[in-house]
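Using the hints, position chains B, C, D, E, F, G and H against chain A.
There are 8 protein chains.
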Amino acid sequence: MKGAELEQILADCSSGSLALDEAAARIRAFFFQDLGHSTLDTDRERRTGAAEVIYGQHKTPEQIADLVSALSDNGQNALVTRASRQAFDAVLGREPEARYHETAAAITLTRTVPPPPHTTVAVITAGTSDLPVAEEAAVTAEFYGNPVNRINDVGVSGIHRLLARLDAMREARVLIVVAGMEGALPSVVAGLVDKPVIAVPTSVGYGASFGGVAALLGMLSSCASGLAVVNIDNGFGAGYLANTINRL
Amino acid sequence: MKGAELEQILADCSSGSLALDEAAARIRAFFFQDLGHSTLDTDRERRTGAAEVIYGQHKTPEQIADLVSALSDNGQNALVTRASRQAFDAVLGREPEARYHETAAAITLTRTVPPPPHTTVAVITAGTSDLPVAEEAAVTAEFYGNPVNRINDVGVSGIHRLLARLDAMREARVLIVVAGMEGALPSVVAGLVDKPVIAVPTSVGYGASFGGVAALLGMLSSCASGLAVVNIDNGFGAGYLANTINRL
Amino acid sequence: MKGAELEQILADCSSGSLALDEAAARIRAFFFQDLGHSTLDTDRERRTGAAEVIYGQHKTPEQIADLVSALSDNGQNALVTRASRQAFDAVLGREPEARYHETAAAITLTRTVPPPPHTTVAVITAGTSDLPVAEEAAVTAEFYGNPVNRINDVGVSGIHRLLARLDAMREARVLIVVAGMEGALPSVVAGLVDKPVIAVPTSVGYGASFGGVAALLGMLSSCASGLAVVNIDNGFGAGYLANTINRL
Amino acid sequence: MKGAELEQILADCSSGSLALDEAAARIRAFFFQDLGHSTLDTDRERRTGAAEVIYGQHKTPEQIADLVSALSDNGQNALVTRASRQAFDAVLGREPEARYHETAAAITLTRTVPPPPHTTVAVITAGTSDLPVAEEAAVTAEFYGNPVNRINDVGVSGIHRLLARLDAMREARVLIVVAGMEGALPSVVAGLVDKPVIAVPTSVGYGASFGGVAALLGMLSSCASGLAVVNIDNGFGAGYLANTINRL
Amino acid sequence: MKGAELEQILADCSSGSLALDEAAARIRAFFFQDLGHSTLDTDRERRTGAAEVIYGQHKTPEQIADLVSALSDNGQNALVTRASRQAFDAVLGREPEARYHETAAAITLTRTVPPPPHTTVAVITAGTSDLPVAEEAAVTAEFYGNPVNRINDVGVSGIHRLLARLDAMREARVLIVVAGMEGALPSVVAGLVDKPVIAVPTSVGYGASFGGVAALLGMLSSCASGLAVVNIDNGFGAGYLANTINRL
Amino acid sequence: MKGAELEQILADCSSGSLALDEAAARIRAFFFQDLGHSTLDTDRERRTGAAEVIYGQHKTPEQIADLVSALSDNGQNALVTRASRQAFDAVLGREPEARYHETAAAITLTRTVPPPPHTTVAVITAGTSDLPVAEEAAVTAEFYGNPVNRINDVGVSGIHRLLARLDAMREARVLIVVAGMEGALPSVVAGLVDKPVIAVPTSVGYGASFGGVAALLGMLSSCASGLAVVNIDNGFGAGYLANTINRL
Amino acid sequence: MKGAELEQILADCSSGSLALDEAAARIRAFFFQDLGHSTLDTDRERRTGAAEVIYGQHKTPEQIADLVSALSDNGQNALVTRASRQAFDAVLGREPEARYHETAAAITLTRTVPPPPHTTVAVITAGTSDLPVAEEAAVTAEFYGNPVNRINDVGVSGIHRLLARLDAMREARVLIVVAGMEGALPSVVAGLVDKPVIAVPTSVGYGASFGGVAALLGMLSSCASGLAVVNIDNGFGAGYLANTINRL
Amino acid sequence: MKGAELEQILADCSSGSLALDEAAARIRAFFFQDLGHSTLDTDRERRTGAAEVIYGQHKTPEQIADLVSALSDNGQNALVTRASRQAFDAVLGREPEARYHETAAAITLTRTVPPPPHTTVAVITAGTSDLPVAEEAAVTAEFYGNPVNRINDVGVSGIHRLLARLDAMREARVLIVVAGMEGALPSVVAGLVDKPVIAVPTSVGYGASFGGVAALLGMLSSCASGLAVVNIDNGFGAGYLANTINRL
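Heads up: the sequence lines are chains A, B, C, D, E, F, G and H, in that order. Heads up, the first sequence is in our numbering, so the first residue is 20 and it goes up one at a time. Heads up, the second sequence is in our numbering, so the first residue is 20 and it goes up one at a time. Heads up, the third sequence is in our numbering, so the first residue is 20 and it goes up one at a time. Heads up, the fourth sequence is in our numbering, so the first residue is 20 and it goes up one at a time. Heads up, the fifth sequence is in our numbering, so the first residue is 20 and it goes up one at a time. Heads up, the sixth sequence is in our numbering, so the first residue is 20 and it goes up one at a time. Heads up, the seventh sequence is in our numbering, so the first residue is 20 and it goes up one at a time. Heads up, the eighth sequence is in our numbering, so the first residue is 20 and it goes up one at a time.
So here's chain A without its partners, still in its complex pose (with noise of 0.2 angstroms):
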């Protein structure tokens, strides 16, 4: 709740010109829009500075539809990761202009051109099984309107194809590395750059592998310094602070 927005209402309720009852309202307002079954979070771009995201997983093609209309309708941007394609068909079906990112399974439609930032994000992957975390990636930060350059297959066991890229990498403002097994490229890339290095373990690899969390307990014992982790296969989360940290 900010400050000024408060006194205002007070100041309006004190003058008369704001009714007891109205001025009440106005300040729960800042609190909640009750929609039965949920509850929407009408105050999230002015707190947080990026509209909602949907994740796709455990929900129909129809409640995924519904949801990117409702945002639709009221001129936002619509971002449904975790996206099969047929909720892809039934998003279709309503709005046209809608996109499928086949790789990264993710649905976007974009009403309004958000700002572009004018520095890049730089997205890498260790090996060509990371590409779906490493799309997700790179389609919620492009959904965002940040330039993105993709480096792939250049994991650390052929560590001359990663130094070949440095000149790309250093042209990054933000840096998303991508690897599974076990995730030491962030590691190197972070001892190569001066800028914020995100690591993103995936679920790629078997046996000791454990599903990613080799990779993810070896992101956060790195001997770099500073690494930003985030959960395994967490594509999202890791373009979404890209974002965040680019738009500063």
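What the hints contain is simulated information worked out from the structure, not anything from laboratory work. Take these hints with a grain of salt, some might be off.
Stated by the list, open to error - Distance ranges between label pairs, derived from CB positions: (1) R189/E - Q95/D: 55 to 63 angstroms; (2) V132/H - S88/G: 53 to 61 angstroms; (3) S88/G - G164/B: 53 to 61 angstroms.
To be verified - Result set (DMTMM-like, lysine to aspartate or glutamate): computed pairs, CA atoms no more than 20 angstroms apart in a straight line: (4) K78/B - E41/B; (5) K78/E - E121/E; (6) K78/C - E114/C; (7) K78/A - E121/A; (8) K78/G - E121/A; (9) K78/H - D108/H; (10) K78/C - D31/C; (11) K78/E - D108/E; (12) K78/A - D108/C; (13) K78/A - E114/A; (14) K78/F - D108/F; (15) K78/B - E121/H; (16) K78/D - E121/B; (17) K78/A - D31/A; (18) K78/D - E121/D; (19) K78/F - E121/F; (20) K78/H - E121/F; (21) K78/G - E121/G; (22) K78/E - E121/G; (23) K78/H - E121/H; (24) K78/C - E121/E; (25) K78/C - D108/C; (26) K78/F - E71/D; (27) K78/G - D108/G.
Cβ atoms here follow ideal geometry from the backbone N, Cα and C, with glycine treated the same way.
Showing chains B, C, D, E, F, G and H alone in chain A's frame:
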């Protein structure tokens, strides 16, 4: 290896102004300086924008004093984390300007004041037991020249205490949120601000806290978008990352 | 074995009004009734105040229908949790008054309406994905006669949504708070009310959520005092406990 | 923020009997009181029905004595958990009426005797090694005014010992059952009574007990319905929850 | 290699009644018989007192039928565990006397009835969901000739059901106790009898049961002395061990 | 509660030879004897065939001496496990015939020599570091009157050492096999004998041994049929179980 | 970057026989070749002595066929691991000489027969269920030209089967030992030979095997010195390592 | 049991030149030598090519000195790992030529210099905290006669330091790479050389390093092919394996 420098060496070599042996040595010199028991990363500041930091744990007071003096002799600032008072006494014998940060268990020696960013880093704790980790973060951020605003003891079981500090939190450009036990505070904070939030789990708690694991998993699984998580008790990493972001 | 009953049997036995064999049998009858493949706990309602509940998982539709009919024939109410629609169809063929609760995946058959407590149980969810577990809790509480107030989708990343429902929450005599991911919501709620709070972790989430472990550990480690925690996804247990408390 | 109070402030503000600045301050005062290194939750008793408790671990005797005196000066009762005898000596120097509970490692100072509930809390242990945790629970319940009935050393490997205490157990309105090792006792007790059972796993055991994990998992997975589980060794939480329930 | 046999071979070799090559072959024959893709342990019954058992999981119906026939041709009895009905159909086509145990998912073929011990093995379950594992144990014990007494559904949340079967339990010479969830039943049983108790954790349960881990840890940590624990769901191992003990 | 005794009490009650109050008391006396801080299981030997054993850990020397004297006064033998030399000194002051087993850290006091079984228990170790656990097992078995044959340091990395002891191993009626690290020895032994094998994992090892977890999991997962596994370092449990089996 | 090559380029550059741009490009070419979606490691064979291998999991048949053809066009041999029969059919349509290894689930295409080492790699399994992993190891070793000797089904529960193969085992220069469940076989083998032993844990087993974790921990904790352990089910890694050693 | 020796004994027995008893004893003597509290593996060097090594942890200085003297008396070299300085002092009192390796915490006594391989073992560390483990590996390799080349402090966060040592790394025939934290260094090294790489995880790190688990999982999950992994902190195992390979 940055392109321009390489081209220059080759041009000099080609024009005869640089001997063949010397050219090979210089190219290799981008790569190392061997000091026997350790390998100095002289190139680190150019690459990553921040000088070497000394991790004090497992090192003797003498070793720490040696390392601080070495940096000092090169005119560099020094930060030692996880340093005992004994280590500080050893350092003080040689560097009378060194300073000990009791709660953070850190030593700093500032020979050149870094150009400050004008924007603030907020360091927020859930409880007073989280202070040592929070101070390690704050001291690190200050070491690199960032103004720090400390907000203490605003854990989620008394949520109104947090809401009362909203204005202070929203003034920061980067927020570090330090919490043990269930580690819920970063989720709440990230829903209230539009700036990057760095979440630091601490080992405060017992039983099912498992030395910080509960807080770590909670922060990684947060329903708030885009938290940047670091290792358990890693105040240094959080402060370092905050500086990297705040200097953008 | 309650004292008074035992003394009475012994008195009757001593006075000769009860045969020796019959007395021994009656004492044993406090202890069991053998039905071959299972052992009916006929004494359960007297001991624990609540009739037997059928856990539907791993049982065939026929088995479930048999069990419901058996309870119905004894004039008892029946609750089946984790029941598929197939199981409900089998039950409906025999008990036309049975009712299916889709989201909760539960079957109820109410022959005798239990005397209601006049006080309310609140069932609160962090997100819409937590609804199946929350509904299992709500249906269970209602099955035992408790009025239930549902408050949905008020997770901690939009804390104002929660604060807006404070009055509703404070009207309840017992609160069930259902949350997946980091499971922070019960900590916040428990800091706002003076009634018992039952925390239910759900398996909603991915990666470091580890199927509900992150939420479970968070609730057990909560900085809020006195949370009552139940197993992951155990909506039934929460509803049952809420009834036990609300009937005090 | 309770509705009525807010409306009153606004009414006073509107009528001119309350200055605009003062009104804003009062609304904010629902939310905090800043003491520098910590943030006093003065509103806690109104919100949650129970005054602040001091967690003694990690605090110096001086800090603990300061906090107890502060509460005492405000006429409030004080409970310190996980307190050493050194801490008690420091407290005793200032508050001669303070009392130390050796087994529970707790300090209490009672300035105002709370109105007692007339119903009893039973605290039951599986073995004598569980006594420290059980006493923390019992002392906490007594601190809040609850009569406590202790039933010790009735673990499941000698089940007849437990059955012999059935009458005592059934007289309680809330039961706290404390057990380490396999933690089976709460399951057995919950099958014998019709009151809420709070299960407290302890770290008693070795090897596959994993510091209380075996008991914790067993209690969460219990075949008995509706156990309320708290953290490993969390006697305080159990006592606090028992009080919340017993006061309904 | 038993001493007497070796001495005999050497004596025969020395006396010339056994050729040198043949003597070496016979000594080696104590050690192996190579069948290409597998290595038959022909010596097993002499060494361990029990013939080979076929673990059906991961084997095709044809492979299982081959193995049963091979044993049958040698006049040996056959037991196949974790066998599907398809596997049984394949076996039945060749061995019309084979029998399928539906709940246990086991196939038996008895060509020679083993000499029975006169003492009984009790197989006790906590709940009906534990039956498949219990039946695997019972069928295995019966396969080796042991009389088995089944006592079902006597879990600890209705402890009187268990006490009513005490006489039956005390008649057994070895007891197998099968339980999932918190796995407390073996602890209670072991406190009531003076015979060996074999504890079998099952994967029955959800959430914090972790597929039988809660029950396994509980049984290993039991406060009852001297439980013999086997792997999760390992009914075969329990039945095999019971036979080894009962034949002493 | 054994049937015959109950019938007798009822018969006496019915015939008037036993007063009603006394009859109820006697039935209850099957169930308990309350000593305030602990609840003596006087019925234990009748039920389980073995007297109470004192677990020394967490108990003071005085408490241990009290308990040994109490047993001694009742003419019972006493075994204290995990007992320090200090505890033994306290016991010796009162019971001059008590004996301390250094390696096993156990105290025994034998007032009545138990009737020996004529068959032997073998206690086998993989390495010399496993001796303390093995001795706890051996001393326990001997305390209950079993002849024990110790076979030491025959781990699987020098398999011929084990094979050379085959005759000794085959003479035992029950075998206890104690091993840390990978815990493979019981699997090998169980493949060579036709008697029950009790596997005891020890905490010997480091790193991926995880304090005995590697050995524990290995023994539970053994390819050998029918291992009886006990808790990590639980020599007492193994010796107790061996006695229960050997007395059959 | 090998010194001699670098010096040569610089010499040519200095002498004018190599243009400056070309020299920089060649130096960079040590480091990468960008193919858009992936980054070919053309330098790999020179650096590590073994050509690229295709990990088939997560790749479509078309992608696999493309990659095999690309290698084939360059005259290189191709090995695809974790390949389905569908993948093989796609490859066969283009490369009629390709061969499918059913049990190993591997595809090989050999254009140039590698010069064989004259020494043998032994691949030993504990049970028949370990064959798929063992065959992946054997096929990999053979792909690189190593003679392989397979020894199957010699697990530790029938130790004499293993001893009978000692001569065969001792003829190998490197031994790969594949085992699931408790994974004890490598420990026994390593105590019998004087050659490097590579231990491969498999996911064979259930319950406390935890998908190969028991075997993995056992091998890492082995009492035998100097086992080389690889990931669970990683037959390829074992075969690759065996080749690296055998070629020394 | 090697074939030729057995045939010879049998031939001698058959020809009468060897008494029957003596023949049986000799065959058994392949299998053991019993020293009471331990079982000497006299056959070990013949079987595995390396003499016995003493693991110093858990042994008293006296015991260690006894064992070293025993080996010395037999003219054998001695290596003691995890040995304290106190242990060394005890050894030195008897064997003045013994040598203590401070960082490695190892004692060596060399009576016969082993014939050296002419090829080198490289021991590489990620950071200076990894030195104790690396030195244990280096001292072990040197004990067996291998020339060792140490390369220190070349962790992946400053990758150019590593690249500068490529020539030195490529001169080795076997490489041991020691790393804690995320343990990424072996992956990078294995991508740069064509020789076997032995990966040693260390317990250096905190929080999510979990005492070396993060490094261990990372090395097992490495994207580099064919790493040979040993237990956490197992420098000895790595040095032993390197010797076994280097002597091929």
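Here's how the hints hold up against the structure:
1. R189/E - Q95/D: 55 to 63 angstroms: About 58 angstroms separates the Cβ atoms of R189/E and Q95/D, which means 55 to 63 angstroms holds.
2. V132/H - S88/G: 53 to 61 angstroms: With a Cβ separation near 56 angstroms, V132/H and S88/G satisfy 53 to 61 angstroms, so the hint holds.
3. S88/G - G164/B: 53 to 61 angstroms: holds (57 angstroms)
4. K78/B - E41/B: Not OK: K78/B and E41/B at ~37 angstroms, beyond 20 angstroms, violated.
5. K78/E - E121/E: Roughly 18 angstroms separates the two Cα atoms, so the pair holds.
6. K78/C - E114/C: Distance of about 18 angstroms is within 20 angstroms: holds.
7. K78/A - E121/A: Status holds; Cα separation ~18 angstroms.
8. K78/G - E121/A: holds (16 angstroms)
9. K78/H - D108/H: It holds: about 14 angstroms lies between the C-alpha atoms, which stays within 20 angstroms.
10. K78/C - D31/C: Cα-Cα ~44 angstroms, so violated.
11. K78/E - D108/E: holds (14 angstroms)
12. K78/A - D108/C: This hinted pair is violated, its Cα atoms lying about 25 angstroms apart.
13. K78/A - E114/A: holds (18 angstroms)
14. K78/F - D108/F: holds (14 angstroms)
15. K78/B - E121/H: holds (16 angstroms)
16. K78/D - E121/B: Measuring from Cα to Cα gives roughly 15 angstroms; hence the hint holds.
17. K78/A - D31/A: violated (44 angstroms)
18. K78/D - E121/D: Holds, because 18 angstroms separates the two Cα atoms, which is no more than 20 angstroms.
19. K78/F - E121/F: holds (18 angstroms)
20. K78/H - E121/F: Holds, at about 15 angstroms.
21. K78/G - E121/G: Holds: K78/G and E121/G sit about 18 angstroms apart, inside 20 angstroms.
22. K78/E - E121/G: holds (16 angstroms)
23. K78/H - E121/H: holds (18 angstroms)
24. K78/C - E121/E: Holds. K78/C to E121/E sits at ~15 angstroms (cutoff 20 angstroms).
25. K78/C - D108/C: holds (14 angstroms)
26. K78/F - E71/D: violated (34 angstroms)
27. K78/G - D108/G: Holds: K78/G and D108/G sit about 14 angstroms apart, inside 20 angstroms.
Of the numbered hints stated above, those contradicted by the structure are hints 4, 10, 12, 17, 26, listed in ascending order.
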